[in-house]
Amino acid sequence: MSATTAPYRSDLPAGRDSFAQLLHAEWTKFRTVRGWVITAVVSVIAIIVFAYLGTFRHESGVCTGPSPASCQAGHPHVPVGPGGEAVSDSYYFVHRTLAGDGSVTVRVSSLTGLRQTGNGNAVSTSDLVGAPGPVQPWAKAGLTLTAGSTLGSAYAAVMLTGAHGVRMQYDYTHDTAGPSVSIAGARWLRLTRSGDTVIGSASADGTHWTVVSSARLAGLPASVQAGLFVTSPQTAPSQQFLAGDRAGGQATAANARFDRLTLEGQWPAGRWRGQDVGANGQTSTLTSVGSHPSSGGFTVTGSGDIAPAVGLPAAFTDQPSLTGVFVALIVLIVLGTMFITAEYRRGLIHTTLAASPRRGRVLLAKALVIAAVTFLAGAAATAVAIPLGTRLLRSHGNYVYPTSALTELRVVFGTAALLALTAVLALALGAILRRSAAAVTAVIVLIVLPYMLVIVAAVPAGVAQWLMRLTPAAAFAVEQTLPQYHQVDYLYTPASGFYPLAPAVGFAVLLAYALIALGLAGHRLRTTDA
Amino acid sequence: MDATIEVNGLHKRFGQTVALDGLSFTVAPGSVTGFVGPNGAGKSTTMRAILGLDSVNEGSALIGGRPYASLRHPLRQVGSLLDAGALQPSRSARHHLLWLAHSQGLGSGRVDQVIEAAGLQAVARRKAGGFSLGMRQRLGLAAAMLGDPAVLILDEPFNGMDPEGIVWMRGFLRSLAAEGRAVLVSSHLMSELQDTAGHLVVIGRGRLVADTSVADLIDAASAGRVALRTHARSEAMTALANAGATVAATGPDALTVSGLASERIVEVLGQSGVPFAEVTVHRSTLEEAYMELTRDAVQFRAAEPGPEPGPGPGPEPGTRTAEAPR
Chain A
1 MSATTAPYRS
11 DLPAGRDSFA
21 QLLHAEWTKF
31 RTVRGWVITA
41 VVSVIAIIVF
51 AYLGTFRHES
61 GVCTGPSPAS
71 CQAGHPHVPV
81 GPGGEAVSDS
91 YYFVHRTLAG
101 DGSVTVRVSS
111 LTGLRQTGNG
121 NAVSTSDLVG
131 APGPVQPWAK
141 AGLTLTAGST
151 LGSAYAAVML
161 TGAHGVRMQY
171 DYTHDTAGPS
181 VSIAGARWLR
191 LTRSGDTVIG
201 SASADGTHWT
211 VVSSARLAGL
221 PASVQAGLFV
231 TSPQTAPSQQ
241 FLAGDRAGGQ
251 ATAANARFDR
261 LTLEGQWPAG
271 RWRGQDVGAN
281 GQTSTLTSVG
291 SHPSSGGFTV
301 TGSGDIAPAV
311 GLPAAFTDQP
321 SLTGVFVALI
331 VLIVLGTMFI
341 TAEYRRGLIH
351 TTLAASPRRG
361 RVLLAKALVI
371 AAVTFLAGAA
381 ATAVAIPLGT
391 RLLRSHGNYV
401 YPTSALTELR
411 VVFGTAALLA
421 LTAVLALALG
431 AILRRSAAAV
441 TAVIVLIVLP
451 YMLVIVAAVP
461 AGVAQWLMRL
471 TPAAAFAVEQ
481 TLPQYHQVDY
491 LYTPASGFYP
501 LAPAVGFAVL
511 LAYALIALGL
521 AGHRLRTTDA
Chain B
531 MDATIEVNGL
541 HKRFGQTVAL
551 DGLSFTVAPG
561 SVTGFVGPNG
571 AGKSTTMRAI
581 LGLDSVNEGS
591 ALIGGRPYAS
601 LRHPLRQVGS
611 LLDAGALQPS
621 RSARHHLLWL
631 AHSQGLGSGR
641 VDQVIEAAGL
651 QAVARRKAGG
661 FSLGMRQRLG
671 LAAAMLGDPA
681 VLILDEPFNG
691 MDPEGIVWMR
701 GFLRSLAAEG
711 RAVLVSSHLM
721 SELQDTAGHL
731 VVIGRGRLVA
741 DTSVADLIDA
751 ASAGRVALRT
761 HARSEAMTAL
771 ANAGATVAAT
781 GPDALTVSGL
791 ASERIVEVLG
801 QSGVPFAEVT
811 VHRSTLEEAY
821 MELTRDAVQF
831 RAAEPGPEPG
841 PGPGPEPGTR
851 TAEAPR
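Chains as they are written, first to last, in the numbering used here: chain A, 1 to 530; chain B, 531 to 856.
Excised from the complex, chain B in its bound form:
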C-alpha cells in the first residue's frame, strides 16, 4: 500500500458552523508532517474525517488511494492517536492494547513489543485510569503502533508530556519517518515541532494556509534579513533607511534589516561612518517563520468584527475566536 494521505476538498459543516472549507493537502511518506493551526482551525475534525469517524459534506480523504472505512485491518495500515484519554479506566494498559490487537488478528506478542517501544513495561499491568496524561500519550502511541502501520495520524501527541517525554517523542517520530512512514502530527505549538517536522500543513478556519517544507519556509522567512549589532542605533537606522532598507529595532543595540544584502549594509554603514559590532545573516526559528507566514491572516489574530475578510488566504469572518500562536 502506498503510504500517502490525500485530502481533497474536504467540506464539513456542524449545523451553521463551517468546520472544514475545501481543505486539500497531501502527506507523503518519509517525513514528519506538522499539522498546525490555532485551536478550532479544524485539525481534529480533519483527522477524524481521514479516519472515517466523521462524515464529510464534500470531498474525500484517502489513504494509499482508499477510504479508511474500506480498510479491512485498518490499524495495520494506519495508526492513530486522537484522544489519549479514551480509555476504560479500570482496564490495564496491557489489556487495552490486547483487545485492540485481537481486533486486528494480532496476538499478545505484538502487544509486548509495542509496550517496550513506548517505554511502558513498568506500568503495563496497571489500570490505565491512574495514568498521567504523559503516560496516556505513550499508551496511545503504543496503540497506534500495534499494527506496525505505514501511516501514523497523531493529534497533539505532545500534550501533557514532560520535557523528557517531548524529547523522546520527537526522536520517536523522526525515527518512524526515517523508516519511510508517513507521519501526520498536529500541534498548536510550533516549538514542539522544531527539529521534528520536515513538512508543514498550516490551516486556519478549515482552509489551507500553507503546505510547505519546513526548510523552504525558514529560508523564505529568513531571506534578505540581516541582524545588525551597533551602539549607534539611530544613525544606523537613518543611513540604512536612506539606502532603501527596511529596518526594525529588535533591542537596545540590535537591528534587523531587510531589503539590502549584507555586503551592501556593510558598505552603507562604512560610507556613513556608523560603527557596528556584528553583521549576521538572520536564521528564523520555525516559530518566527510560522508567524511571518501567518502575519497577515486575520484568522490567526483575535477575531475582528466587520464583514471585510483580511488579506491572505481568505478566512471567513466568523464568531469563533482564533487563538494567536505564540
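Next up, chain A with everything else stripped away, as it sits in the complex:
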C-alpha cells in the first residue's frame, strides 16, 4: 500500500458545531426552491383577496319608517360601553335625580313576559296587553343608577330576572348572582350609592338584607339619575341553516309591578319621570312601552337589554376578513408537507442525513424554518386583511364590533401561529408517511374539514362544539373577537364566531397535535433506515 503518503489534512478552517448552521441550511433549502417561495406568497395573496371578497358584498341599510325615503344606508347607532365594547342600552326608565349619597328600595311584586304578536317594529299596547308570553330568562326589572344620559353610560343596577334570580350588574359586562330567592314570592331590592361606590342588596321580606355585590364607578358625577327599570331582550336565535344564516331573534317585552318604593338620602324634590331609553335602538325593541303609576309604585313595561351587544343585525367581527385563512391553510399544508416529502421522493433525505447524522435536530430545524416562514406570511397577510376587511365592511354601511388593540394583535398573531403550527403538523405527518398525497390528505381531514363542516353549519351544533374541542381546528378560537357572555342568550356557535374553547386553550389543542406528530416523526426518523 502507499505507506509513503501521509494521511490528508484539510486546511479548511475548523468549524464550530451549532444548531444555527442546521437552521441556516434548511432556510437555504427553502429559499432556493422558487416554487416554495411562490407558494408562501400565494398564501398571503389568498388571505388578502378573500378578505376583499368576503367583505365587499356585505351591504345593509336600515329603514325607520314605512316609506322608502326614510331608509338610510348604514347601520343603526351602536353605543359603546365604558369598557369600549359594543353594548345594548335600551330599557324603560322611571327615574329621579340623586344629588349625592342615598338609596332607593322597592319590591318587585310581579314580572311577566309579553310577546310580540305583530310582524313589524311597531306594536301597539293592546298587542302587548293581549299577548302575555313567557318571561324571557334574562328579562330584567329592578333599580338602576346611571352616570349620564348618553347611551352606553356607566351604570350599576340590581334586578330581578326572568329565570336567573336576583343579579347585580354594572357597566354592561359585569354580572353577579344574588342569593337565590323564590321567583314566586315578593322580592325586595335596594341600591345604595356612597360616593363612587354602589351597593346592590336583596331581601325576601324587606327586613333581612343581603348584599349581592358592589360596584365602584370611577368618576361618577355627584348628580345621577336613579330609579326603576324594566327591559326584556329579544329571543335567542334558535335555528341555523347550512349557509350559516341565522334566524333572527324576536323582540319581547316584560311587564313589572313595583311597590313599596322608598327613598333615602339626597333626593331633591321632584317628580318621577318615565323615559324610553334607547328606543330607536339597535335591537328590535318593542315600541309600546311605558309606566303606569300604581298603588305605592309603578307598573312598568320595557323592552331591550342593558348588556353587551351580541348578534346585532348587519354587524360583523373580523371573521369575514379572515375567510381566506382556510385557503392559505390548504396551501401551507401542501408547502409544509413538501418541505420533507420532496426529499424522500428524490432520495435527497440521504444527503441531508449524511450531512447531519443527528436526525432529531434535522427535523427540528425543518420545523422551525417552515414555522417561521408560515408565521411571517400569516402575520403579514392577516395584518393587511383585517384593516382592509373592516374598512370595506364599514364603507358599505355595516357595523363592525369594536375590538381592543390587544385582541386584534391576538387575532393577527394567533392566526399566523395557527398557520405555522398547521404547517409543522403537515411537516411531521410528511415525515411519518413519507408521501405527499397521504400527508396532505391527513392534515386536511384533521383540520380543514372539521372547520369547513362547522363554519357552514353542515353538522349539528353539538357535533360542531366537539369538533372544535377535539380536532386541531380548535385553534380557530384565536379568531374569536367577541367574548361569550353568559348574561346574554345567544346561539353561541362556531358558525357565528363563538368557539367552545378559549383562544389559548384552542391553540393549545393544535400545539399538542403538532408536538405529538413531531415526536412520532422524530422517533420514526431516528429508528428506521433512511
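Derived from the structure by calculation, the hints contain no laboratory data.
We put the beta carbon where it would ideally sit given N, CA and C, even for glycine.
Mixed in with the good hints, there may be bad ones.
[Unchecked claim] Not the full set, but computed from the structure, chain A residues with beta-carbon under 8 Å of chain B:
no.: 1; residue: R34
no.: 2; residue: L348
no.: 3; residue: A504
[Unchecked claim] Here are the computed distance ranges between Cβ atoms for each label pair:
no.: 4; chain 1: B; residue 1: N569; chain 2: A; residue 2: I45; range: 41 to 51 Å
no.: 5; chain 1: A; residue 1: A6; chain 2: B; residue 2: N569; range: 13 to 23 Å
no.: 6; chain 1: A; residue 1: R31; chain 2: B; residue 2: D692; range: 29 to 39 Å
no.: 7; chain 1: A; residue 1: D11; chain 2: B; residue 2: A807; range: 55 to 65 Å
no.: 8; chain 1: A; residue 1: D11; chain 2: B; residue 2: R759; range: 53 to 63 Å
The hints should help you fit chain B onto chain A, whose structure is shown.
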C-alpha cells in the same frame, strides 16, 4: 483524524434476506480502493451502513475509529456520493451545494471552489433537474468535496459518464488519493477501475471475496502463464501437455501455457521440433485477474439451484441472481 475506514463483521438483514453477512475490510489512506462485486452483492448497503444511513444488525463501521453518526461536521471528514439523482430538480446546482455548505458551517466561497474543481462553472446556476447523469455525478462529487474530507465514499461514480468524463474522474480520484485521502469507489465494471484503483475489496452476497492490492492480484493471476504464438498449434499443445503444462488455445495460432516457465517451454518446443513465433510472459488485465479470482465463486455466476454451496468463499445458495462480471 485518521483517514481510515474500518468495517468489522457487518451483518444486515432486510426481512429474510441477508444483505451483509459478516463483512470486514479496511480502507487505508493514500490509494483508491475499488469496491467491487456484482449488482446486489451489498456494496451500496455497506456504504449506507458506513454513513449511518442504515442500521446494522451486528458489527461496526468506523471512520478514523469513530462511528459516522458521532461526527459533528461529517462532511468535513467524509465526503460521500451515493445517488447522483438525489437532487431537488428545481434547485440550482450552486444552491444545492450552498445549503450543504451551510450545514457544515462553510460559506459560498468554498462552494465556488468545488464548482470549479468539478468543472461545473458553466452550469452552476442552472436547475439541477435538467442535468445529464454525467453532470449530476460531477455535482455529487463537488458535494462530496465540499468539506475537503480526508475520506471519500463514492457509489458508482462512473455511471452515466461519457468517455471523457471517465478519464477525468479517474485522474481526479487518483489525485485525491495521492494527497493522502482514503478513497472508496464502488463499481460493478472492473474496466472502470483499471489504472485507478490501487487496492481492491471484492464482495459477493454480502461476504468478502478478496481484499488485496491490485498489483498483487494481477501478479497472482499472471503468474506462470505464458502466451505462445505458433502455426503448429496442436503439435505444440501435445508436446507441452506431455511436459506437464496446462495448455489452453486462445486463438487460431495462440496458446496460453501455465505450469511451465518460459525457458522450459522454449526448451520443450525446441526438443520436439515444434516451430513457434513468439513466447511472452502473460500480463493479465484487471478484468481477467478479477475473473480468475472469482472463477470458482458460485455467486458470481447465474444462481444455480441446489443446496450445495460452491467452493471458494462460501456463498449461501439464495434466490437472488448475481450478474456475472464481464
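Structure-based check of all given hints:
1. R34: 6 Å, holds
2. L348: 5 Å, holds
3. A504: Not OK, violated: A/A504 not within 8 Å of chain B, min 36 Å.
4. B/N569 x A/I45: 41 to 51 Å: 50 Å, holds
5. A/A6 x B/N569: 13 to 23 Å: 36 Å, violated
6. A/R31 x B/D692: 29 to 39 Å: 34 Å, holds
7. A/D11 x B/A807: 55 to 65 Å: Holds: the Cβ-Cβ distance is about 57 Å, inside 55 to 65 Å.
8. A/D11 x B/R759: 53 to 63 Å: 55 Å, holds
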